[in-house]
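For what it's worth, full-length UniProt numbering labels the leading residue of the sequence shown as 1, then goes sequentially.
Keep in mind that the hints were calculated from the coordinates and are not lab data. Some hints could be false.
[As the list claims (entries may be wrong)] Only pairs whose alpha carbons sit at most 25 Å apart, straight line, appear in this in silico BS3-like list of lysine-lysine:
1) 21 x 81
2) 58 x 21
3) 58 x 81
4) 125 x 138
5) 210 x 125
[What the hints assert, rightly or not] Ranges between beta-carbon positions, derived for each pair:
6) 75 x 217: 25 to 31 Å
7) 167 x 217: 25 to 31 Å
8) 217 x 3: 24 to 30 Å
9) 68 x 206: 27 to 33 Å
10) 63 x 165: 35 to 41 Å
11) 18 x 135: 21 to 27 Å
12) 148 x 11: 15 to 21 Å
13) 100 x 199: 30 to 36 Å
14) 197 x 68: 27 to 33 Å
15) 155 x 135: 28 to 34 Å
16) 165 x 36: 38 to 44 Å
17) 13 x 155: 28 to 34 Å
Built from N, CA and C at the ideal position, the CB exists for glycine as well.
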Amino acid sequence: MSRELLLLLLTREGYEVELAKSGETALQILSDYSRVRPEAVLADLQMPGLSGTSFAAKVRALYGDSPRMIAISGSEARGEKLVGFDGFLRKPFTIAALNRLLASEAIVRSEAPETSTGSVILNSKTYEILAASMDREKLLTLYAICADDSRTRIVAMRNAAHRGDDQEYRRQAHAMKGSCGMVGAVEIQAIAESIETNGLNSDTIDMIDKLLLACDRLVDVLGERKIYAGEQVVDQRKRGSRV
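From just these sequences and the hints, can you work out the full model?
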């Protein structure tokens, strides 16, 4: 999941957010008592460096029972993997699911990611929720980040495939699956999920090509809705009309 995308969504919801690239960096931030104590910490179970229950234990040593510790991951996590955490969200998750979790006392697990079926490219329900929650400029930025991030990761995946680097190939697919799922780009999400599951194989070139085509189709769909995606600007309605 793109950290920039998550930052945009959380900020739009009214949260004050500080990002950390690794568990060690997060601990440095949390150890600075001149800062305001955070109400919650979202920790990717696969983040670089210190992570998982070891990271949770370090935070508990600093702050005790607060802040709320929320584990996030692209795969299901239970039992010992969640020791020290107050809750778990499976990526891609909605901000509404996070809000419910922070407001509750029990662990709440998100639903399994919605996958693409047939010719579905963009989940209309997700799009409508996002469109209703922000102005056009922010919606423009959100989908621009998604489209640009996907194209950048496709290049990285192609390079990884050329090197035979299966781990990096899957890692890029995992990140793409999460970021696209959050904005309802379900066709890209489903292809990325398949790539993450199967890794490098005889279909690798075809799968990368499918991702590129899915990105183009997403841009086309956004064009129909008069939304900017990546480098393409598509807004031909008269000024003052509804998007």
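Could you tell me whether the CB distance from residue 63 to residue 165 stays inside 35 to 41 Å?
-> Taking Cβ atoms as reference, residue 63 and residue 165 lie about 38 Å apart, which means the hint holds.
Per the hint of 30 to 36 Å, is the separation of the Cβ atoms of residue 100 and residue 199 within bounds?
-> With a Cβ separation near 34 Å, residue 100 and residue 199 satisfy 30 to 36 Å, so the hint holds.
Confirm or reject the claim that residue 217 and residue 3 have a C-beta distance inside 24 to 30 Å.
-> Because 26 Å falls inside the window, the suggested range holds.
Given pair status - residue 138, residue 125, alpha carbons within 25 Å = holds (18 Å)
Mind checking the hinted window 28 to 34 Å against the Cβ distance between residue 13 and residue 155?
-> Hint holds: Cβ distance 31 Å, inside 28 to 34 Å.
Hint says 15 to 21 Å; check whether the CB-CB distance for residue 148 and residue 11 agrees.
-> With Cβ atoms ~18 Å apart, the hint holds.
Go ahead and decide if the range 27 to 33 Å is satisfied by the Cβ distance of residue 197 to residue 68.
-> Hint holds: Cβ distance 31 Å, inside 27 to 33 Å.
Hinted pair residue 21 and residue 81, Cα distance within 25 Å = Status holds; Cα separation ~21 Å.
Hint says 25 to 31 Å; check whether the CB-CB distance for residue 75 and residue 217 agrees.
-> holds (27 Å)
Evaluate the given range 38 to 44 Å for the C-beta pair formed by residue 165 and residue 36.
-> Check passed, 41 Å falls within 38 to 44 Å.
Cβ-Cβ distance between residue 167 and residue 217: within 25 to 31 Å?
-> holds (29 Å)
CA of residue 210 to CA of residue 125, is that 25 Å or under?
-> holds (24 Å)
Going down the numbered hints, you'll see the structure goes against just number 9.
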